[in-house]
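K.L.:
Produce the complete structure using the sequences and hints provided.
Chain by chain, the residues run as shown.
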Amino acid sequence: MWNYIAKRLLLIFVVIFGVTLVTFSAMYLAPGDPAEVIALARYGQDLSAEQIEAVRAAEGLDSPVHIQYLTWFEHVLRLDFGKSVISSDDILEEILFRLPATAELALASLFLSLIIAIPAGVLSALKQNSLLDNACVFTSLLGVSIPNFWLGLFLIWLFALKLPLLPSYGYGNLENLVLPTLTLGTSMAAVTTRLTRSSMLEVLKQEYIVAARARGLDERSILFRHALKNALLPVLTFAGMQLGYLLGGAVIVETIFSWPGLGKLLVDSIFARDFALVQGCVLFIAILFSLSSLAVDILYAVLDPRIRYDRHD
Amino acid sequence: MSLLSVEALNVSFRTGRGLVKANEGIFLEIKEGEVLALIGETGCGKTTFGKALLRLLSKNVMIKGRILFRGRDLLALSRNEMRQLRGKEIGIVLQNPSLALNPVLSIGDQLAEVYRSHEGCGKKEAEKKAGEMLGLVGIDPSRKAEYPHQFSGGMLQRVMVALGLALRPALLIADEPTRGLDLQTKQQIADLISGLVKQEASALLLITHDLEVAEQIADRAAVMYAGEIVETGKAREIFSNPGHPYTRALLEALPENGLRAVPGQGPSFVNPPSGCRFHPRCAFGTESCQKIRPRLLELEGERQVRCLLFESTGKPEEIPDDAAKS
Amino acid sequence: MTDMTESRCINMTEKTAEKMTGEISEKKTGKKAEKTAGKMIGNIAGIMIGNIAGKMIGNITRKKQVQEFRKNRLAVLGVLLIAFLAFLALFAPLVSPHDPLEQKLERGLEGPSLEYPFGTDNLGRCIFSRVVYGTQVSLGIGVLVVTATSIAGTLLGILSGYKGGLFDEIVMRGVDIVLAFPNIILALVIAGLLGSGFFNVVLALSLTQWPVYTRLVRAQVLSLKKQAFVEAARALRASNFYIMRRHILPNCMGSVVVLGTLEIAHVIIFAAALSFLGLGIPMPTAEWGSMLKEGIPYLLSAPHLTFFPGLMIMLTVLAFNFAGDGLRDCLDTGTGVMA
Amino acid sequence: MGCNMHKKFKYILMFFLLLAVISASACIDGDEDGTAKGADSEVSSPELSVGISTDVNNWYLDKFPDGDGRFVWSQIYETLVRLDPDLNIVPGLAESWETPDDGKTWIFRLREGITFHDGTPFDADAVVFSYTEQAYVTQAVLRPIKSVETVDSRTVKFVLAKPMPLPFYLTHVAWPIMSPSCVDAEGNFVSPVGTGPFKFESRTRDQEIVLSKNEKYWGTEPELEKVTFKVIPEASTRVMALETGEVDMILKVPEYDVSRLETKEGIEVYRKLTTFTDFLQFNCEKVPFSEKAVRQSVACAIDTELITSEVLKGIGQAAKGRAYSPVMMYSNPELEPRSRDLEKAKTLLSDAGWKDSDGDRIVEKDGKPLKVTLLVSKGVWASRHSPMAQAIQAELAEAGIATEIEFLEGGAITQLENAGDFDMILRTGYFVWGPYPKHFFVHHSMAPYSHYSNATYDELVNAADMTADEDKQRELYYALQDFVLEEVPAFYLVHEEKIVAANSYVKGYTISSEDPWLNLEGVYIEEE
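Chains as they are written, first to last, in the working numbering: chain C, 1 to 313; chain G, 1 to 326; chain B, 1 to 339; chain R, 1 to 528.
No wet-lab data here; the hints were simulated from the structure. Bear in mind the structure is a predicted one, so any value in this text is a computation, not a measurement. In this text, a Cβ means the ideal position worked out from N, Cα and C, and glycines have one as well. Among the hints, a few may not be true.
For the chain B half of the interface with chain C, some residues (derived, Cβ under 10 Å), not all of them [unchecked claim]:
1. Ala180
2. Phe276
3. Gly310
Cross-link-like lysine-lysine pairs, in silico, PhoX-like; alpha carbons within 20 Å at most [unchecked claim]:
4. R:Lys157 with R:Lys146
5. G:Lys59 with C:Lys127
6. R:Lys472 with R:Lys438
7. R:Lys368 with R:Lys286
8. G:Lys31 with G:Lys234
9. R:Lys213 with R:Lys507
10. R:Lys63 with C:Lys83
11. G:Lys88 with G:Lys31
12. R:Lys313 with B:Lys104
13. R:Lys292 with R:Lys344
14. R:Lys162 with R:Lys472
15. G:Lys59 with C:Lys205
16. R:Lys213 with C:Lys162
17. B:Lys163 with B:Lys226
18. R:Lys146 with R:Lys162
P.N.:
Below, the structure written as structure tokens:
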């Protein structure tokens, strides 16, 4: 297992290095002169060419690209993501300020999706081809196909406007969390239900389930000890991928519900052309995502004895 | 007295392509402490038979007939009664141990679970018994915390035997226990099973395509072809003097007899051949074989054969030897 | 053939698994598949018109699978829906009663009527016509992105899996890096930096979606490489190019087609999401995502502004998901639930 | 499959489902509790919550308060001179003022006995403090200020480099009087301390700002104990928040919601024409808008009346090219504005050489089609701009002008604007301070954001700004209005209405024409 973890760790460093390269070079896609952008924010509209050049020199924007990258990379390593071009706030501080909101939304949605998806998927698999199963399969396919921005609007329309039960925006209270979580959680639940169902069907087909039954074990322990444990392993691996789904979905859901999280920060900074902030956000999200995938992989290794006790790999 | 008596057992599966008749009209008996070998080609319905006894088949199955175990009809038992009987009174060693063991539970856990479930043992006691059982099948009890993928094929088969015999059942069904093992290990497993069965005074239904193993440990043998029993009798007699043309063909496929494989392919279970199911591959087939469905003839010395050739004379000697070799 | 039929029914035949895989692989490389392989690229684009997908499956494998596909009612529904949407896209000018851009300011926010089947938006434009024209944009993006990425991703996957070594290492790290950006985020940033526009959206989504194919195809190539027929071809000194084209590519096509169909669904949602955020198709082009966005202010007073575009996105995505699921079931490729 | 197992599993599932239902209903319950609590507290102490679009990022005089910060500032801080709801100048913290030399020197007499929120006395020193070198206003707006001197503790003298109507300028809430105790000994900002009716209590970033009643307020005692400003960026979300009772009052109600809210029971909509006018700014330094004919053609092609009545649902007043809202000083009521004339628009273009020769409905000149970009702010200020821009786009297309709309944040627009990389910008009427027609400086060649250069215009603006004679000034500003209408450095679209909506239990509110000002004097919550 340690070998496996070491390998994954090494890989994650390569990936994160690559991610910094991508994020850095992506900024060159943006039109406009970065020096001018900074100068504008700093000195206002009445700009002289000298001011722009001064900024260029001060920010090291006149050096060759690879030097710029290395300088930037070195700063990133020291956890210095730079300052926002528009507000001149520290970018990392800004990101960390927004992080709890996104984390709250993501965790609540993950929780909701699991609470719906695991029982639904398991039940659906146990009663394969029954009416319940068909309904489950259809609903989950429908859930996968509904764009979450539409679902969010629908929920607002229904719960905030038609029967004013829940707030449509805002952050801080439990009731604020309900609609965004429903939006993000249910669409994710659809995906997880499908996965749980197919994984459970696969496991129920396995010979060791028949074998357990042949030993006269009671159905409860067959279901929980033998089937569920195996069936949920792929669901867990998938949770890593789901985090990506959550972070991506958060961008949209946060925008719809004015949820002050990372996703909204990213979208706002794109529109504000605050490229330093965009860069910081994307880099942070990618690193966060990579690290949590790593965490999930390690967890998987710990939970699955086939990897835990594999001495060869 | 017979321990298990199967009467007119029909097992069929409803599938999208029609009814698949996996076992038809099977009559079979196993006495207390007896070793019965059920032999036949791969895919002839042996495994289905073994699983049918314990009602372990998939949902789309239809079982008809009677399976009397110590006088009780297993097909009439409630699910719960059946559950209690499994493992406790009839143990089964399923084929392919690497699939039949749960990969995420340690073997000790899987073994101890049997004790806890059936005997209501506490955790410690169950673990102790599991350790003892592992020792009995020749596995160091200290390996009980290990997981299936850490064991070799032979060792896994030992684990399976331990699981099957854990509760000292009166009948053990062993499905292809020697499949996929090298010669030496095969021998060890065969010895282990027959030794343990004797020691525990259990009966054994050995399902195998391996005639050598069957010959070695079986008291009686039954030959299955296309879901039907085509011949039964004392093992020694069947192997020394096969009656049914199919049994002959099987024996001729053995290495020491010249490795002549049975010609042709196994028949369809959806639309089985008319008349005698073996006739398309039979070296002695006559026209009537295509039309008349042979019954299981009672011959002398507990011998039964399902073949038209025996219908007139009732004597296996009547098969011309030269014809069989042509 | 009959043998296979039976062995599928029950698990009584122990050899079934090995036999089946062996046979399918060999038959797939048969003549029909060879003919198809060349046309494959063209055919991918043709998925858009559903029945071609059916034909293709027939070509790759057997009529039976087409039958199986037909039995899957949802899959058939999906293909019919796709055909209908393709029809709308191709004949938008004939289907729509109004010019999608024509404004009648004095007739804004009208509900559905005979003249305006889905009502009008805030600028008095015909929502029905806009929804119909939106099909062009969404399907266009979906098909373009999937065509580009499936070709590029598959080629990279085959080369990477077949060649191995440094090339494989580089490609796979590239895959890892792109996939390190969750979901829509990278596309969002690229589109944001490039600015809005049809081709920028296509570019942004293409740049982020290719690794999905590469990863899948590479894994398949690795297992195909070990198969007897590939080793046999190698023993016969067939050229690498020949083996890749004749033996490996056709065997990957099934799962690529399945993945591609499901990817169209993803891409359409992503593109709509970009427009919804204001980073996709610029106004006033009729695009479902931006129509939704424009409708938000009227959520309560005129919900039809958001209802119809959203419904269309859902139906389109659902159609491709149905079709993709059905394809996967009958091709039985191990594309996995998430694909 | 054991039937036993089914049952057990069913129970487990039921348990899970129950759990889900309970947790869901707990949330809903929580909400009900919240509402109930709110209702209780309304009885005990009158509180008002106001939905605004942006957080307050700046509290100190060294920067211009962005966005809706000014509405919050106007509760905490006060100015020397105030405007009444109809834009007449009235005393504020200064009770009187005079100019002994026609506008170059201004002497303000301060009210007596006023203290800041923290007890610091309000006196001449505080005024001087508020107009020091570091203040944004003295650096950017009132550059002609030469000195601000204390005459005695109740008298302050402003000396200017040139004559100016200073009291008008001093009405703006963005440069109010702050207590010297706002900063510590090193001059670092500590907390906002003013003289206004409410004092700063707390702020949760991007969420809310809480103010409490200033018990020692010198003016009419506020009825409200507490005012909470909730930050809700999206206009439509703000409306929903009002309708669901999450907030009691919202500012900047989007035009498209007004008629619905007006008819809705339990909601009161307050409207008043402001000094702001939306306009289409041209980049006159670049082809094609360097050509006057093209600008005039745009002006003829756009139907501002239709846009106002249909796109804006009759909210606001069609400007038809008129630069000044009728509520502005020196707005010429006799001005003959433009009306749509598509034929004239086309003729203007073809006379200038722009003709559609390839039949694509877009006119060309020298082979170059007339394609222009229109920058629109995506910001929270004007949600009406998106449909307006599309309507404009469609109308211009009829005249043969192809327009591409680009939605950007304000900052990004500034950036493109500075680079001269744009053709048109759809703008709200910014740079309007009170009723005083300072706004004409926008098109002055010296203004960095002007993109227009015309000597006649510059002269007119300079002269109008310098003169103290009212009749002369009126004459000059009338001339300027004619000039803008004819020369079209920008095309003026709509005189904006200020719209505030509140639940009907909010009583006593009077809407003021002055835009970034929220007057809560006399506002109370009616108990049921």
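K.L.:
Next pair to validate is G:Lys88 with G:Lys31; report whether the Cα-Cα distance is within 20 Å.
P.N.:
Holds. G:Lys88 to G:Lys31 sits at ~18 Å (cutoff 20 Å).
K.L.:
Mind checking the alpha carbons of R:Lys63 and C:Lys83 for me, to see if they're no more than 20 Å apart?
P.N.:
Answer holds: R:Lys63 to C:Lys83 is near 19 Å, not above 20 Å.
K.L.:
Take a quick look at whether R:Lys472 and R:Lys438 sit within 20 Å of each other, Cα to Cα.
P.N.:
Given pair R:Lys472, R:Lys438 holds - Cα atoms ~15 Å apart, limit 20 Å.
K.L.:
Please verify whether R:Lys146 and R:Lys162 have alpha carbons no more than 20 Å apart.
P.N.:
holds (9 Å)
K.L.:
If you draw a straight line from the CA of R:Lys213 to the CA of R:Lys507, is it 20 Å or shorter?
P.N.:
holds (17 Å)
K.L.:
G:Lys59 and C:Lys127 were given as a pair; does the straight-line alpha-carbon distance stay at or below 20 Å?
P.N.:
Measuring from Cα to Cα gives roughly 11 Å; hence the hint holds.
K.L.:
How about B:Phe276: closest beta carbon in chain C under 10 Å, or not?
P.N.:
holds (5 Å)
K.L.:
Quickly compare the C-alpha distance for G:Lys59 and C:Lys205 to 20 Å and report which way the hint goes.
P.N.:
holds (11 Å)
K.L.:
Holds or violated: R:Lys162 with R:Lys472, Cα cutoff 20 Å?
P.N.:
holds (17 Å)
K.L.:
When you check the alpha-carbon spacing of R:Lys368 and R:Lys286, does it fall within 20 Å?
P.N.:
holds (14 Å)
K.L.:
Check whether the Cα positions of R:Lys157 and R:Lys146 lie no farther apart than 20 Å.
P.N.:
holds (11 Å)
K.L.:
Given the proposed pairing of G:Lys31 with G:Lys234, does the C-alpha separation stay at or below 20 Å?
P.N.:
holds (13 Å)
This entry does not satisfy hint 16, going by the numbered hints stated previously; all others are met.
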